Amino acid sequence: MEGGFIAMPTDVILWILGGLILISAVMSLALRNLIHCALFLMVCFLGLAGLYLHLNAVFSGLVQALVYVGAVGIILIFAILLTEGGGTETGSHLGSQWRTGIGLAVLLAFALLGAVSNSPQTTQAARHTEEPTVREIGLKLMTDYLLPLQTIGLLLTAAAIGAVVLAMQEPKPRKDETP
Amino acid sequence: MTFYLALSVLLFCVGLAGVLARRHAIMALIGIELMLNAANINFIAFWRHSSAADDLSGMFWMIFSVAIAAAEAAVGLALVILVFRHRRSVRLDELESLKG
Amino acid sequence: MTGVLDILWLIPALPLLVSAILSLTPARVKGGAAPLSIGALGLGFLIACAALAEAVSDPGQVRAHNFTWFEFGSSAVKIGWVLDPLSALMLVMVTFVAGWIFVFSIGYMSHDENFTRFYCFLSLFTSAMLGVVMSNSLLMLFACWEVMGLASYLLIGFWHHRPSAAAAARKAFIYTRIGDIGFLLGMLWLYAETGTLLLYDNGAGCLEANALTQLAGAAISTGMAASTGIALLLFCGAIGKSGQIPLHVWLPDAMEGPTPVSALIHAATMVAAGVFLMARIHPLSTATASAKPIVTATAPANATAQSAQPAVRMEAAPKSQAHAEAAAKPTEAGGDSTSSPTLTLNVMAWVGALTALLASLVAVAQYDIKRILAYSTVSQLGFMFLGLATGGPAVGVFHLLTHAFFKALLFLGAGSVIHGCHEEQDIRRMGGLWRRMPATFGTYAVGMMALSGVPLLFSGFWSKDEILHSALAWSGSKWPFALGLVAAVATAFYMTRQMAYVFFGPHRGHPAMYEQGHRIPVTQPHESPMVMTLPLGVLAACAILLTVVGTPMWPWLHSVLSGHAPEVRREVSVGVLFAMLISILAAGTGFTAGWICYMRRRASGFNDGDPLQTRIPSIWRCLESRGWIDELYKMSFGIWTAAAGRFCDWLDRIVLGGGVRMIQNAALATAWMGRLWDEFFLNGGFARGCEQTRNSADRASLVQNGQIQRYLRILAGALALVALWIIWK
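Quick mapping for you: the protein sequence lines, in order, are chains A, B and C. Residue 133 in my numbering is what sits at position 133 of the first sequence, and the numbering runs on without skipping anything. Residue 182 in my numbering is what sits at position 3 of the second sequence, and the numbering runs on without skipping anything. Residue 768 in my numbering is what sits at position 489 of the third sequence, and the numbering runs on without skipping anything.
I should point out that these hints are in silico values taken from the structure, not numbers from a laboratory. Remember, it's a predicted structure, so these values are computed and weren't measured experimentally. All C-beta atoms in this analysis are idealised placements derived from N, C-alpha and C, irrespective of residue type, glycine included. Wrong hints could be hidden among the right ones.
As the list claims (entries may be wrong) - Below, in silico cross-link-like pairs of lysine to any residue (SDA-like), each with a Cα-Cα straight-line distance of 25 Å or less:
hint	chain 1	residue 1	chain 2	residue 2
1	C	450	C	907
2	A	140	B	225
3	C	1008	A	118
4	C	1008	A	110
5	C	1008	A	113
6	C	309	C	321
7	C	1008	B	189
8	A	140	B	247
9	C	1008	A	119
As the list claims (entries may be wrong) - Residues from chain A that face chain C, not an exhaustive set, calculated with beta carbons under 7 Å:
hint	residue
10	95
11	104
12	107
13	108
If we strip away everything but chain A, and leave its shape as in the complex, we get (with noise of 0.2 Å):
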């Protein structure tokens, strides 16, 4: 199904997944469900990942595939399940001062694209158009990125430790912290 995003014209596909992020992303922002808010969010991360095979990066794009979608996708429905019931927020779903920051937010884009226009580095053409194999991405993380390799290792495992903790339950629910 991939190959056939592939071979058409390069443009198109990059301006329908480009469209396809940007579209998703603000919806996953913008809806009053929660859940509805996770799903479109998923959507966001698909067509990164497509973006990714795109590329001829297709780890990368597995691994968002994965993580993203798989992982971090169902936990936050979780998460949202546990905390406001998937309902739909009660009363405003904005900040008291939402205007400020989408302001923000726009001036910052508005600079950003203007850093980027002016950027040297946009004019080099793409080199890599060669995808690594998984057997070389293997073998470059047992020998030269062993050590982060591992150091992520470690991180998942203090925070997948510190997640549990955190999120167990409490013998005894304090009765003296005012809600």
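Since chain A is already given, all that's left is putting chains B and C on it; use the hints.
Frame of chain A, contents of chains B and C only:
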């Protein structure tokens, strides 16, 4: 190249706007995930256009970033659940224990 | 040759180790304490026996093992241990007697919850005593001596929940400490004079010829030789430790401790330490400036001189001359015995004789079974000092050894009686026990006869007879002999009295106990278990068997201690026989008087007065209250001390306290001034500054409203500004 960078900028700012505008803590986390993904687009784009022939740094940066994002999501969501359990609410504007 | 000497240190080290282990053992672990302590002592006994065999094989030689303890500047403090017949005999005796006391304690202390602690203290105590006995340095001896004082304090106050026991422990500690000050001063003086505290050091020790000559020659201002002063100071320590007049009052009070402790303190160890010390430093007591050749003879390395010549210790021991050699060498022996004894020996003889007499008289009028024995011990220690002074170390130490056995026996017997009578110590509430406690009775009788000096069969007779004989032949004065003789009579008398009260006549215990309000019906007195009677039997056997080493016919002990090989004497001089006759008469008189007073008219009830009390009430009252010595001390030293204390208190309160209060007030005034300055000048400015800081901080903290989104907004704005700046540039 400009296309990827512009896409990254826009995605980042959408995420930022979500973080700044929404009240719900989980929504803030979703925005943060989007911002991280915007950074990942940059990693991949710069890897693809990098000058070194046999260099996979950008890709590994992306992979490690994904791993960190996963860890962050796990801990962040656990914190959200914990906060919710204590205060029955995850509204960001109601959390002001750090008020000076 | 050096084999035994090298492992001699194990003898005190083993009990010390056991004591350390036990001190770390929890109180509820009771199993290991007794076997461990007894095992350590048993091993020590075996080593001591080997050491004795070696020491006796060449009695004239002193084997010493010295090493440097620490150095300061150019001089080094050396300590070490010594093996000669005296220390070897003491080692054997102490390990043996203490071992049996340990065995006895298994039974006696079995119900005590601090069983382990008891054995810990006992082991420490014994270890210290063994250290005293074998040390070759006055410093090490003193250190062990003090450890022993500490251990005795702990043991006397073992039942510290009793106020009387705590007081007795304190009393013992303080009274012995008074003597120890003398000891310490003497030691320092000795070090200042000779530069060494080693007793034997191949000619350089302070008990060897060079040092003695130097000491005897060095006169201090009053015309007394340095050796005399030092010996007298050391004798102070011995007086304190051995309970001689005037420091004897702690010893009877020490009966508050458990009975095995009394046996240990009064028989084998602590009190014997004083006698031992004087025996050890005897060359010092006898040193005179004019007696150089004789002094040389004491140098123990000089074996040839000793075998040819009676040792210097016999300078004051005419009796040993009297046996056989007196006739053979009339000039030398006569020269020795006619020279008047040194001041030290005079003091020792008088103190000993007076103590022997007074303590034995006081013992007549006591009712507490242990207190009688305690005064008897004081009295016997007086005998020992008398023997040391008049007959040399051999005489005194012989009595020390025999006394150790039969007094340990008597105390353990008393312990058995007390145990059997349910912690009853008043002899008026006993009686008729010979039927109920036959084993205790039999052994106690042996001890009693040994103590009173029943002729021929019992060791006490021979040792006491030897003391009396040497006192009779003493060149100083005949009065000590007379005093000792009366004391011997009194000894036989009070022992007969005690036997009569405790073991004969009707049992007077029960009604009296009920009168005292004992709620539990008291059962009949019963015989003690095997673990308690067995030590009694062994000690009784020893009290008899020790006879063989000290008779005039074969004075083995005497010869060994004097440094020459033992020999059998075929003939006994008239003087010896005369002295024996006198002491037999003395003992007989005591027995007869006791028999008339107590056995013929047996007390039938608790409230029956003592026969002597009715006849000579005033003297009796004096004796019963122990000569009012405690009261005397209370009236004299006690009042002085209290007055001095009150004066110091007044000084403190008025003079020093006034000064302190003035300074205090001045400081207060300054402080008030400072406070005013602070409050009105400094604080004003400071407080305003603080307030302003706080206000500005408040304003600044408005930014920090705790809302994460505000922070993030600020962050985003900053990011945008940075990006714009980059473009601008």
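Tested hints:
no.	hint	result
1	C:450 <-> C:907	16 Å, holds
2	A:140 <-> B:225	19 Å, holds
3	C:1008 <-> A:118	11 Å, holds
4	C:1008 <-> A:110	16 Å, holds
5	C:1008 <-> A:113	15 Å, holds
6	C:309 <-> C:321	20 Å, holds
7	C:1008 <-> B:189	23 Å, holds
8	A:140 <-> B:247	19 Å, holds
9	C:1008 <-> A:119	12 Å, holds
10	95	6 Å, holds
11	104	5 Å, holds
12	107	5 Å, holds
13	108	4 Å, holds
The structure shown violates none of the earlier numbered hints.
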